[in-house]
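Asker: Spelled out, the chains give:
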Amino acid sequence: MVGSPTAVEHVERTGGIQIDVPAQPGYLALVRMLVHTLAQRRDLDDERIEDLVLAVSEACGWVVGSRLTTDSPRPVQVRWSESEDGCVIEVTDTTSHDGDAPSVPAPDEVELPPDPGRAALEGELSLPLVLALVDEVTSSAGPNGSSVHITVNCGPWDGQPST
Amino acid sequence: MDLGLDATERNGFVVLAVRGEVDVYTAPRLRERLVEMVSQGHHQVVVDLEGVDFLDSTGLGVLVGGLKRLRSHEGDLTLVCTQRRILKVFEITGLTKVFQIFEDVDAATVVASSE
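Residue numbers (my numbering), protein chains in the order written: chain A, 1 to 163; chain B, 1 to 115.
The following block holds chain A by itself, in its conformation from the complex (with noise of 0.2 Å):
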């Protein structure tokens, strides 16, 4: 993919990880696994961790789910990047372009929906989820195509996978 970052590259940039997965819904379970590998690294507790799992699957099943009507063989790439006080997951659509970032409300702007069993029948449930279980959510759109940013504030960390 012409200018997309290679893992190398991303990790060697940020310390963080990269990774690039068909964009099946067979293949979310490797994305959460991955997730839950790195949290654990950093100072969360166990109920962190799941939330910060469920909210980045969520978000790859978004891209996942526009994909399903499209048979694009693009992947999905899912980076981890890590600060001192916080873990960023990017979720990207590879196939979306500039200006096509999805809409992210800010989580004052989401409301529950005041039918949940209707909303869970049509879909739309994912985001509300998604903003109720971690920090930060907000979406961007570049050469590489749009993407999902998920942040978790979390404490320092010395760079040292945790034991």
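Please keep in mind that the hints were generated in silico from the structure rather than gathered at the bench.
For each residue, glycine too, the CB sits at the ideal point set by N, CA and C.
Any given hint could turn out to be false.
Far from chain A, some chain B residues (derived; all Cβ distances over 12 Å) [said to hold, decoys possible]:
1. Gly4
2. Ala7
3. Asn11
4. Val14
5. Glu32
6. Val38
7. Gln40
8. His42
9. Glu50
10. His73
11. Arg85
12. Asp106
Which stretches of chain B does chain A cover? Using the computed rule of at least three CB atoms under 8 Å from a CB of chain A, they are [what the hints assert, rightly or not]:
13. 74-84
14. 90-96
Got chain A sorted already, so can you dock chain B onto it with the hints?
Answerer: Relative to chain A, chain B alone:
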């Protein structure tokens, strides 16, 4: 990733024990099983989520769809769940107001049979 679906009968109710991860990949199998139960005339269903490791919004949609389908046949779908991580998903989404959620299968079937 495997999804376990084991159905047993108790007090005239079908208890569907779900094991594994319920997501956009596996949820269709759960949906098919619930539809199959309804078509076989089982209209009182208890879905036991104690063996579920992961449940996403797709799984929630399947459970609500099953509830709706059963109620259209004058039946019901109740849940068994004590896992904090799974209950939290129902709480965040407001679905605790939609489903009856019990601590164990005994409670679910006793209450269900008394209604």
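Asker: Count residues of the stretch 74-84 of chain B with a Cβ under 8 Å from any Cβ of chain A, then say if the count reaches three.
Answerer: violated (count 1)
Asker: Should the label of Ala7 (chain B) as a non-interface residue stand, given a Cβ cut-off of 12 Å to chain A?
Answerer: holds (23 Å)
Asker: So is Gly4 (chain B) really clear of chain A, every C-beta pair being over 12 Å apart?
Answerer: The claim holds: Gly4 (chain B) sits with its nearest Cβ about 15 Å from chain A, beyond 12 Å.
Asker: Please verify the coverage claim for the stretch 90-96 of chain B: does it have three or more residues whose C-beta sits within 8 Å of some C-beta in chain A?
Answerer: Coverage by chain A holds here, the residue count being 4 at a Cβ distance below 8 Å.
Asker: When you look at the beta carbon of Asp106 (chain B), is every beta carbon of chain A farther off than 12 Å?
Answerer: Answer for Asp106 (chain B): holds, closest chain A Cβ roughly 26 Å.
Asker: Mind verifying the non-interface call on Asn11 (chain B)? Its CB should be farther than 12 Å from each CB in chain A.
Answerer: At roughly 26 Å from the nearest Cβ of chain A, Asn11 (chain B) sits farther out than 12 Å, so the non-interface label holds.
Asker: Verify that the Cβ of Glu32 (chain B) lies farther than 12 Å from every Cβ atom of chain A, and report whether the claim holds or is violated.
Answerer: holds (15 Å)
Asker: If we take the beta carbon of His73 (chain B), is the closest beta carbon in chain A still more than 12 Å away?
Answerer: holds (17 Å)
Asker: Would you say His42 (chain B) is clear of chain A, with no C-beta pair closer than or equal to 12 Å?
Answerer: His42 (chain B) clear of chain A: closest Cβ-Cβ about 21 Å, beyond 12 Å.
Asker: Evaluate the condition: distance from the CB of Val14 (chain B) to the nearest CB of chain A exceeds 12 Å.
Answerer: Nearest chain A Cβ is 21 Å from Val14 (chain B), so the label holds.
Asker: Run the C-beta distances from Gln40 (chain B) to all of chain A and say if the shortest one exceeds 12 Å.
Answerer: holds (23 Å)
Asker: Over 12 Å to the closest beta carbon of chain A is the bar; see if Val38 (chain B) clears it.
Answerer: holds (16 Å)
Hints 11, 13 from the earlier list are contradicted by this structure; the remaining hints agree with it.
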